[in-house]
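S.K.: Residue strings, one per chain:
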Amino acid sequence: MAILEEPIKQVLALRNYIGGEWVESKGESVDVVNPATCKVIAKVPMSTRDEVDAAVKAAQEAFPDWRRTPPLARVRCLFRLKELMEERFEELSRIQTMEHGKTIDESRGETRRGIENVEVATGIPSLMMGYNLEDIAAGIDEYLIRQPLGVFGIIGPFNFPFMVPLWFAPYAVATGNTIVVKPSSEDPISQVKIAEMVEEAGFPPGVWNIVHGGRTVVSEMLDHPDIKGICFVGSTPVGKNVVYKKCGETGKRVIAQCGAKNYLLVMPDADLEKTIAASLTSFFGNAGQRCLSGANLVVVGEGLGEREHDDLHRKVSDALVNAASKVRVGYGLDKSVQMGPLRDQGKKERVTGFIDIGVTEGAKLRLDGRDVHLVGDWPHTCFLNPTVFEEVTPDMTIAREEIFGPVACIMKARSFDEAVDMIHGSPYGNAASIFTRSGKLAREFQYRVQCGNIGINIGIVAPMAFFPFSGMKNSFFGDLHGQGQEAIRFFTESKVVIQRWF
Amino acid sequence: MEEKSTTASAIISFAENLEDSSARFYRELADRFGNDRETFSSFANESEKNKLLVTRTYQETITDALEACFSFKGLDQSRYLTSTDLTPDAGYSTALKTAIELEDKASEFYFCVAEMSRSLLATIPRAFKTVAERRRNRKSVLKALLDKVSQK
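In the order they appear, the protein sequences are chains A and B.
The numbering of the first sequence is numbering that gives the first Met the number 0, which starts it at 0 and goes up by one.
The numbering of the second sequence is numbering that gives the first Met the number 0, which starts it at 0 and goes up by one.
It should be emphasised that the hints constitute simulated quantities derived from the structure, not laboratory data.
For clarity, every value in this text was computed on a predicted model and none was experimentally measured.
Don't be surprised by glycine CBs; every beta carbon is placed ideally from N, CA and C.
Check before you lean on any hint, since a few could be wrong.
[What the hints assert, rightly or not] Using C-beta positions, here's what the derived DEER-type ranges look like:
1. D84/B <-> T380/A: 22 to 30 angstroms
2. K273/A <-> R36/B: 35 to 43 angstroms
3. K273/A <-> L51/B: 43 to 51 angstroms
4. L51/B <-> I2/A: 22 to 30 angstroms
5. L119/B <-> S414/A: 30 to 38 angstroms
6. E348/A <-> R26/B: 36 to 44 angstroms
7. G213/A <-> E100/B: 30 to 38 angstroms
[Claimed, not checked] With the C-beta cut set under 7 angstroms, the calculated list includes, among others, these residues of chain A facing chain B:
8. R87
9. F88
10. D104
11. R107
12. K334
13. S335
14. R365
15. L366
16. P393
[Stated by the list, open to error] Derived lysine-lysine pairs resembling DSS-like cross-links, with alpha carbons at most 27 angstroms apart:
17. K48/B <-> K151/B
18. K273/A <-> K72/B
19. K42/A <-> K25/A
20. K138/B <-> K273/A
21. K8/A <-> K38/A
22. K273/A <-> K38/A
23. K325/A <-> K142/B
24. K56/A <-> K227/A
25. K138/B <-> K314/A
26. K227/A <-> K239/A
27. K96/B <-> K142/B
28. K273/A <-> K25/A
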């Protein structure tokens, strides 16, 4: 099938967006590479500490006026931003495919999910309201108001370059705060496009700033005394040991959404055809580079004899291998393609390293994604096909560690309780799903499992914009989550007023 | 034979191309056959609206298709293609017959994808069904025009 037209025709030289100006960085530039074609599509600067400071200063200066801007006027900027995103929907989606590698359907889904957050944040005049009570004592009333705090920092991950910063940014600015966004240096173009639309939508200079870069930028944002809070999505080691710790030391609010190892339980009464279809998207969507991706599929033998359990396991395993072997892998701008490349060669090598370990530790490799076959003639550099392991046991590395690639591990548990124990044996608690027709078991699963996002016959438990993106244990550090009402509470201070007039 | 699984974007592209080529075709008919210019122009305009409806519906609900792991399994788009290239000397009745074939296959395509996408959010099959019905109605209009030509 023909490749859709690429919206990026020449190498882009990306700049920071500070105080409403597009500013060239003094830092050195690194290449942004399209992982499917291996062509350089942009140069992104590694900004300096001074440049972060300039962005924070611009945001700090914009804050007093912006917070005094009526909420309705603030959301008019968001309405215009949403309209611009709709107008440029296709361009934005194709850019994500070019800079990240995901398929065009996945990119369009990401664009939609990003826009939905802007839409929800436009409800701020209602969502941000406080509450009151008259006559708490004679002639005395008490009320609560929500006020913005100042400047927030948003540190984006590579796996959803467009959407993830939008889990936070629209709520932050709608509530009257100002922001400094650091996009992932691996795929920063989407955030530049958003900033262009922010400018066009008429946000005052300094309200929404972009600073490109790497560790130096993150470190400066974490240290900066004028940043009141940080939103971070990335790995657990960085989220826990750097971001959360540093925010604790510097008194910043923090949302740190981190790694995962998500379990999918298949009960004997599950609708197998639908379960396999859901598992396929869960394991291999976005090439497995999602913190909500399925990792371990557990075939549960609750109420079955050993032979019946083996039969069920064989059936599930064969069906998944068969379906996974048919997934069409290639450049995401080819509309027939169902899975794109990994973001870069290093990430591919990390995944193949896990496959090697799986084999060494004795798991049975049913489908080897290292045997790359593509739709179209593309360099194999970043590509893998789906991989399926079976006979995986909970002690194996591939069952415990986050692979972040298109690898499915099939396991067995004799009972529901044993399967729940497996989930709880993981240090992560991002998502878990059960496939069953039993309401009782589903309720039990929802009640007991210590994960922030629970799926019942759902493969990818992605909360909509009006619900928080939850997470527990080593998958989340902080108190309040991104998106919806929790984001509004995160970005505002609750102030209580007790009033009496003499 | 292995069952084909077609991505949502491939189906939407097919629908968009179908509406584009239909619009072009009817503009050509409007230019060539002035007596029924208004009818053909209205079909061309409607095709542009159809494209907008399908594209918008897809863009607004693509996450549903993804989360429902949806694909149009077994759909063979080539069944619904009609060549709309008219030779310079093609007469009015030839043009009408081509148009009827186009509408026949197009409405069949839209009814088929509407049925296949019934498990998704209601807006998706509804959009396909709306376009399918519009195109079926066109077929009736075209048939009436052809009958008139035959009676002369």
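S.K.: Any hints from earlier that this structure breaks? Give me their numbers in increasing order, please.
M.R.: 1, 2, 3, 6, 7, 8, 14, 15, 16, 17, 20, 22, 23, 25, 28
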